[in-house]
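Chemist: Mind docking these for me? Both chains are given alone in their own frames, and the hints should help you get the complex.
Protein chains in written order, with the working numbering: chain A, 1 to 455; chain B, 1 to 451.
Derived by calculation from the structure, the hints in this document are not laboratory data.
No false leads were mixed into what you were given.
In silico SDA-like pairs for lysine to any residue, Cα to Cα no more than 25 angstroms straight-line: (1) Lys441/A to Asp308/A; (2) Lys103/B to Glu11/A; (3) Lys366/A to Asn115/B.
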Amino acid sequence: MLELTPNEYKERKALRINPAKTCQPVGAMYAALGIYECMPHSHGSQGCCSYHRTFLTRHFKDPVMATTSSFTEGSSVFGGGSNLKTAVKNIFEIYKPRVIAVHTTCLSETIGDDIPTIIGQLENVPEGKYVIHTNTPSYVGSHITGYSNMVKSMVKYFSKNTGVSNGKICVIPGFVNPGDMREIKRILKQMGVPFIMFPDTSGVLDSPMTGKFEMYPKGGATVEEMQDAGNSSCVLGLGETAVSAAARLLGKQCKIKEHILGLPIGIEATDDFILKLTEITGKPVPEEIEEERGQLVDIMIDAHPYYDKKTAAIYGDPDTVLGLAEFCFSLGMIPKFLITGTPDPSFEIKGKELFDKFGAKDGFVKHSADLFELHQRLKSDKVDLLIGGTHGKQIARAENIPFLRMGFPILDRYVHPYMPMVGYRGAMRILELLLNVLMDKREADAADEDFELVM
Amino acid sequence: MSLNKDGVLTEREGFIKYGSCGGDMKCGGESLAGAVSQRACVYCGARVVLNPISDAYHIVHGPIGCASYTWDIRGSLSSGSDLYRNSFSTDLSEKEVIFGGIKKLTAAVDEICANYSPKLIFIYSTCIVGVIGDDVESVCRYAESKYNTRVINVKSPGFSGAKMQGYKAACDALMKLMEGSAPSGAAGKAGGGVSVNILGDFNLAGEIWIISNYLKEIGVEVISKFTGDSKYEEIIKAPKAALNIVQCAGSMTYLAKTMEDVFGVPYIKVSFFGVDDVCASLLRIAQFFNNDEILKKAKALILRMSPKTKAELDKYIPLLRGRKAAIYVGGGFKAISLINQFKELGMKTVLAGTQTGKKEDYEIISSLVDSDAVVLDDANPSELEKFMIQKGADILVGGVKERPLAYKLGVAFCDHNHERKYALAGFEGAVNFAKEISESLNSPVWKFLRQ
Ligand code: SF4
Ligand code: SF4
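Okay, chain B solo, but in the shape it has when bound (with noise of 0.2 angstroms):
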């Protein structure tokens, strides 16, 4: 391993990118050992997609830590039930790392049977059950039979691979729910109506509210959320729904597309960031439908909200103008959606990076860049570190542990991952970011900063 003239690992040099030159990008590879990397785990990634289903017991079926720090960090807000918001787990000890976990983990569930009477239990594998062998498909079907109740093995040993992964294992359990308890009857396009299910939306922030607003007032029924303030009876419905609309689609595509093999339900992609996104996705779901009542309460709605939030957000075009972003997120759509929310803002993006973004996101990515803009995958803070003084980066959106690091830079800062505080979803949301980016831009604290 050395370094290139970037003062980057040259290992690493296909997984960065500037603009438009070069070719194809590497990306989705295993981070390096030894690197500072910022990548998740699968358990991470199934944990996070399948927390915000309120009214489940997650139990997770390993040592402490890997419990301690999933336990309530998203900020998926919950109309209902606030169980998930407790923190189950095995808190494995020597004893059973020698002699197996499984007595262990039946009598939790037990525990959980017993005194409670759960609709839902997730059981989720880590690292170390994928070791010693415990076979956790047999304490739910045994739990199964005996409480009748839906006990449901998340296989997301940390080890076989990043968070993409776990979004996998996360869309097996759900497909795996659905397809054990789903009631009978037509599905999808014939016999779904109009009506939707809104797959990879977290509810952070109340953004899922938002969006089912704007279906609602547009005549479409939301049967189904994933997994933003869902709940079990809720998400067995979900393969009557006529249509699927995908927002975060590096966690959810996945599941789109093993529902419309199961199930019949077409899918699309949307995003609801920035305005721009926001009235395209209104006009295709209705599109979809070919309904004309639906089409013009769509550009009625529209209408009604996109003049106004554009004027809006001119208000803070001067405040704005020619300032740099840098953008280090989970998946690349999320990525595509800010770089031309930054546009709109009169900014400009000179780093874009991405966790778990794909080959089809770099490449829009890419094309939606300056070709002298700085695109990577799976970063570490040494890089992001470097292209963001390289690029002169005036702000950085992000996930927490990013936060820090664009901080000691002096660089602004607005996250938009689980610990976002305003929605940033829908209309309201596009507003919400500008005053964020703006705010956070234009803080006096920057300039006590001696240089």
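The shape of chain A in the complex, shown without the other chains (with noise of 0.2 angstroms):
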């Protein structure tokens, strides 16, 4: 397995090799899936659409909807106005959304269509329906850069503070499954907390079987809340790489205070996430909330043996891999790795942050990285687990380190897309995978007559 990967480090200048990120098109296609009735538009070639649904089906197991405009070697000569044009109005007569969100790719922006120009231009644009666009050329960011550049745009397009306020407050949660937007609209119900949540992929990539395809499933935030959202009372952008600039923006454009937390992944962060909402609403910690903390604690506890100063290998998107770098920390495990694929400076400086505030001297925090590099690493400097998206289960069985499936893709894996790592419930969920994969290997590796009954 990866026999490729050298013992040692060496530098590379050029060559990428086995990537952790793709690019930015997914993530604002995935954004705009999580509103009511929106048809994700694809302007460049068929190819781009097609990978970029295939590879969110293949994580959300589910299908994925999305138009292209379906450029030719005439389009990326001339410019593919005539192409979205088209594309427009045979989207709105044949699927009839409410929202075209249209994403550019590489080659539209190479090119250099102007595509607010195009919009200005549109005629057949129904009464109350909507077009927006984003930028989203893949040679800059990642896909997390795409699902904040999405996110910005429903901003822009939408959301106006018509001076009456709502009393609500607007969340807008990073890039997280549709079973975390779902957990983190659960933990504010329990709070008593009004809210407008967008985007939410809820209902739209979890939904459930009905014996129907519905190109438009229930869930996804509606035109009249994210419009609504300009009247809140703040926001509250839940990831700082991939939401803090649609959340400034929104502060900005409506005049609202704006707040930025990281994921609340783990125990620390959740209650980050918990106090902001009693400090922002005046509203006290509900019993249930009390109540799932304590479970969670007393989980810790009770298997803290088996995962105290375990050392850890974490890669992934800069938000999920801080949360769950910190909540291992919180665990007494050492994560020693921390690597991302997307461009983000800020994940260096808050990756070493993390060190310092848990007292981790070596640890090595890099973004822009790639497995291949991870792997190089790892070679000498051996972890006792790996957490992270499928990419990594080559590494895992390579080097024999048992493997935790977090974040985004999980190609070959079930049930995720439905299942929160966010809040208390979602930390206890980490922690009964986590504790799954060390205590299987130990089991596995266990003379017989280590192998025990009860652990």
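Modeler: Shown next, in the form of structure tokens:
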């Protein structure tokens, strides 16, 4: 397995091997799916759109609808304006969405199609329907940048402060599964906090089986909600890399206060999230939430001999990796390697802050990195646990390291899109999965006489 | 654009046909702007064909996405190197898009050559490379002369067509490889002895091993495989084979034709899907060599395997009889094999569609299905949905994008594409196929669906 990987680290400048990121449009498409009755539209060649849909389907195991401008050789020379106009007309006629969310691709960006101008020239947008857009050149950033950009566009196109406060808070979740979005909403409801949340892919990409195929499943934020978001008392962005830009824009555009936190992964970040909610709304922490936190602590204490001081390498999207790393530290584990493929210098700053906070002296954190590099480093500095998306499974096998699948993408397992990793319940789930892989490994390696019934 | 009585875009009418009635079928057109097309791009076609070459460095010259979506997605198994399971790319950034990507590409090739000793490097040029105008050929020439390795440009900008053109780009790359590296000496029927190349099998779930074993058993040597479980050293010897047998005709007929023209290696089309097709193909190969010994062995193999396979299959007929199948696959030839296989199992094909089928394929398909069956070229999800419901399909055979759609409709599913988990070729494969179909169709999970 992965015979190519040399034992020692060698610097590479030009060649990318085994990336820990993918391209912007996937993130933009995912965000757009968090709008009710929205058709994501990929302005470029059909191939990109086909890949992006397939990629999301492989992770969510649900159909992903999106349209394409179907560029030809001609459009790559003369520009894709007419393709986009035809596409918009066709989409409204045939698929009847409320919103078309256009994102670009490398190709249309390189040609230099001016999307706002083209949108401005559209003649047949039906009454009460919308075409929004965002620029997502993949030679900049990653899928996280694409998500950030599309969420920003939702704010830009829709949110207005009409001067009448709605008494709600606006929550913008980072790049997480529908199961997480559901959990965030559950916590807000438990707290009795009136809210607007967008994007919201719950009910879209974790929709129930009904025997019918719905082009637009029930979930997603409505246009009215996104408009009304501007009347919120404040906005809370969860995930600094993925949504701080959108939260700041909403704050600025609608003159409301903005708060930005990391993803509420693990006990400390969830504490911060709950505290923030009480601070913003003045509401007390309800007993159910105290109870959940207590359960989590109970589990942490019960099981700590099995994970204490275990070392880990974590890779994936910046907000997710930092959240998981902090939780590992809280457990007494030692995250040694934090890697993201997303270009994001602040990831390294925050990673170092975490290492400092928990007194980890030789932690390694790097953005714009890839899994090939991580593998090389792990060869000389082995860890007890590897955490990340599916693409690490070969490393785990090659180095015989227990492997916890978390984050995006997970292409080789089921159920994950439905389940949370955020909140106290999410932390319990992470802990259960984490203990399972560590303890399964311990048992698999145990000699017969050390193979215990009770652990 | 508007809808007809079946709720189909009128522009798409020519791409849909009902069984044996109606005139010619339009196929191979561009997807419409604004359609939810299932179509992949040129690069995708080229990549899936070449990627199984296990000891090559496959460098995607382009931005990261094009590389990441094709990273180790084909279940092509390798008996040797696992190099092809890594993802190499130039991960172009804004700077290179503005000033050109040649420097980075050259540096990437240098990095590979400095640290490893590659025999073969493919450089895939994606859409953006076509637009920024990088001279990839010059990098290939530079690297070939500097490092004594083969470096081949696969010209595959996605916008220049669909998957089909990508197959062609891949075949061109393979020709270039063989022409530049092949050892000299007699080739084709004259000098090749009793040997073949297998074209159009990608060793999904180890299928090429099944077929190679049959060939070995009947005394036919396999020189090279395109491209399942193949290696550089093997491929360059391919022009020495006496015969090319072409399995996935959609992707490889072009290569077969070119190899015939250039190297004088004749080809025949074969299919190893379904018992009848396997038997017929083995006999055709044996007959080609006009050699009694081989024919005897082929007949013996068939006699040994066919009756017992059929007996195995018969067990599934009571579980499957009368059930309705929908087919949506890449190539026309595969669709034809599937229709026949469903027939053998007592099932009826009510919908047959392909992404890259040709006019000839659709003619055969139309002649095999009932007159009320629907035949589709490059279907979009709404068409698939509409016709699966209208025709009451019980199971869909397709690829990764179709699976969730089928499930959402409460329709069973079999992956006959990259993600197949069991070998579906050969005698063993025919049984696996029946088993898989039956398991999905008869799973208890469907019972819980509230109608
Ligand atoms: S061209 Fe750009 S947008 Fe399209 S798949 Fe490649 S990286 Fe993604
Ligand atoms: S950019 Fe071109 S080559 Fe890359 S995925 Fe898109 S269509 Fe295919």
